[in-house]
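Chain by chain, the residues run as shown.
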Amino acid sequence: MKYVVRFLKVVISIVVIGGIVSLFQGQISGSLVLLMQNLKELVLKIIHPSDFTFNPGGKAEYSVFPAILEYYRFSFMILALGFFLSFMVALTFTYITFYLPFKMRTAVSRMVGIFEAIPDIFIIVVTQLLFVAIFKKTGILVFDVAGAYERPFILPLVTYTILPSIMLYRIMLLIFTDEMQKPYVELAKGKGLEKGSILLVHVFRNSLVSVSNHSKVIISFMLSNLVMLEILFNLYGITWFIIENPRFEIAVLGILMLFLPIFLIETLTGVLVKRFTGEEIVE
Amino acid sequence: MIRGLLGNKSFMFSFGVIVLLLFSSIVYSVVFENHIPKADLRFEEGAELVSKPPYSPFEYPPLGTDNISNDLFFIILVGAKYTLGIALAVAVFRFIISSVLGTFLQMNFPGIVKRIQPWLEGFYYFPVSLLTFLLLEWVLKSDGYFDGIDSEFTYSLFERVGIEFIILILVAVPITSSTIAKEVKRILEQEFIDSVKILGGSKFHILKTHVMPFLKPQLLLIFVREVIQVLLLLAHLGVLKIFFGGGLVKEDMFNNSVFVSLSNEWSGLIGNNLRFLFTNYYWIPLVPILFFTITIVLLKIMLEALKTELQPSTPNKVGEKENKLQNSPSLKAKRRMQVEVREEMFREL
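First to last, the protein sequences are chains A and B.
The opening residue of the first sequence carries number 1 in the UniProt record's numbering; numbering runs sequentially from there.
The opening residue of the second sequence carries number 1 in the UniProt record's numbering; numbering runs sequentially from there.
Isolated chain A (complex conformation) (with noise of 0.2 angstroms):
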């Protein structure tokens, strides 16, 4: 019950920017009435989506089902398999970095929080040119760097994980540092075991529950990033396909279809977070 109403608040919440953004759309206005009729419209069609439509070249209108859903479709993949790469990078470092020496360690961490503030265009042009520049020397294409209806995949999913990776990687650092520091640790250490099953074990199961804290927010940075990586590689993914088709609608159907399966993971890591540790994701 408290995830559907979470739900709905979240959806809600979505629609009325949605709203919000209808009266900037062909004019300005600040008028309530259309805001209410573009409310009324909008949920409407959430009811019945076949009534989506887009119109490409300006022409004729076509209901945005099913296009829609191969644009969707791959924005997921990036997403999911972008989110699951970084997370396994940054444990994999955070796990190198703790069989470090102390000084080391804290440069590393300090060094990494400038790493973090490189904005994704920066580094999405760099790849590209990178590759380019391969490919001017070598004649070998190592991989696709821009896109049209052949999406390119293996290129921008490498360039999509480097933040996120960079983002979570200090988020763990920092937490397995204070985790480190309980007495159990201490214990575990008495008792023999070795520090690679007490990180990997006992501390990550620990310090799960204070990383998913954090997943918001490195959900919210990924979807920011999403829509840069769409534009530059020219991807046809669902933000690609908001901005080719810049109507409040389509952006809160967008918004929404990304919004659901996110949902769905994130409550599904609370419950089983819960169960195995006792403790409650805090929103």
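Among the hints, erroneous ones may be present.
[Said to hold, decoys possible] With the Cβ distance kept under 7 angstroms, some of the chain A side facing chain B (calculated, not the full set):
#	residue
1	7
2	9
3	10
4	17
5	111
6	113
7	117
8	118
9	122
10	224
11	231
12	234
13	246
[As the list claims (entries may be wrong)] Every beta carbon over 12 angstroms from chain B, so not counted as near; a handful from chain A, in silico:
#	residue
14	37
15	158
16	270
In short, the hints are calculated from the structure, not lab data.
Even glycine gets a Cβ: it sits at the ideal position worked out from N, Cα and C.
Fit chain B to the known structure of chain A by using the hints.
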């Protein structure tokens, strides 16, 4: 705190570079009236054309020229004051509105704040750059294109700049106010606040004497973060071809009418020149992106320095005297020793 920051090398360096950039840009506009030198065609002895613009940064240091042979270094210099100025102005307004709103609401109507907060979650899933793009797309872009009736903007340049300013400010206010409200709430939950209330301290007294000393350092961090956010947002909008104030319609060398950014503002430079990215003239869009990156990284270095400078004094700061004591070098060193010793212990693990 200020003394600490003055002694912090990385903070002073970043701060110095940003101030220098802004200052030299302003001086350049006053003294040389934004004059942008043009690179000439290069001939060798006879009449043989050696190379023609655009020159790469290697041919025409430091940054090369753009497609119409303007010196990119001066373009960046001229644009710096607009971009940094806009970012600072928007951040200041965001910061003022959010801190007043967040603090006021949390102090007076904590119940309402608690009830509103879950409703703001939509903003986490609506990427800010996408939201701003949707809000500004008509005013600054499609309204200016030939849309069947006219190819003029409905609003004047002044109005468009105003509208963009307001939108850039307002998109962040809900989340930032909520962050500040949470911060105030955390302070109000401290035990000594109960004593203050029992002793009859009024709300204003609590705010002024007991909340502000804790809140101030946090607000400073939030402000720097806000400047970084605005810069990022401007860069994103540049990629999405939303130029500040909507840009001007101009004819390019092929007689196509294109939007160009006003006065070499950086985000406009990215948007205008992104089409050169996969050509041999890749440095034209790369240079403004690089400058955005440098500025943002410098701000981040400032932020980290501020954090380390503020950290030791935050936990249980009661009064100025105590604060001074806590910031004394010997105590700091001692605390650091303790931490390091603790760390060393775990290293053996």
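Evaluated hints:
1. The criterion of a C-beta within 7 angstroms of any C-beta in chain B is not met by residue 7 of chain A, whose closest approach is roughly 10 angstroms, and the hint is violated.
2. Look at residue 9 of chain A: its Cβ gets to within about 5 angstroms of chain B, closer than 7 angstroms, so that hint holds up.
3. With a cut of 7 angstroms, the hint placing residue 10 of chain A at the interface with chain B holds, because the nearest CB-to-CB distance is about 5 angstroms.
4. Taken as an interface hint, residue 17 of chain A checks out: its beta carbon lies about 5 angstroms from the nearest beta carbon of chain B, inside 7 angstroms.
5. Among the interface hints, the one on residue 111 of chain A is violated; its C-beta lies about 10 angstroms from the nearest C-beta in chain B, farther than the 7 angstroms criterion.
6. For residue 113 of chain A, the shortest C-beta to C-beta distance to chain B is roughly 5 angstroms, which falls under 7 angstroms, so the interface hint holds.
7. Below 7 angstroms, beta-carbon pairs count as interface contacts, and residue 117 of chain A has one with chain B at about 3 angstroms; its hint therefore holds.
8. The restraint placing residue 118 of chain A at the interface with chain B holds, with a minimum CB-CB distance near 6 angstroms, inside the 7 angstroms limit.
9. Hint status for residue 122 of chain A: holds, given a least beta-carbon distance of 4 angstroms to chain B, under 7 angstroms.
10. Evaluation of the residue 224 of chain A hint against chain B yields a held restraint, the C-beta minimum of about 4 angstroms falling below 7 angstroms.
11. The interface hint given for residue 231 of chain A is met, as the beta carbon of that residue sits about 6 angstroms from the closest beta carbon of chain B, less than 7 angstroms.
12. With its C-beta approaching chain B no nearer than about 10 angstroms, residue 234 of chain A sits outside the 7 angstroms limit, and its interface hint is violated.
13. Interface hint status for residue 246 of chain A: upheld, as the beta-carbon distance to the closest one in chain B is roughly 5 angstroms, under 7 angstroms.
14. The beta carbon of residue 37 of chain A is kept farther than 12 angstroms from every beta carbon of chain B, the shortest such distance being approximately 18 angstroms.
15. The beta carbon of residue 158 of chain A sits about 19 angstroms from the closest Cβ of chain B, which is more than 12 angstroms, so the claim that it is off the interface holds.
16. No beta-carbon of chain B comes within 12 angstroms of the beta-carbon of residue 270 of chain A; the shortest separation is about 14 angstroms.
Checked against the numbered hints listed earlier, the structure breaks hints 1, 5 and 12; every other hint is satisfied.
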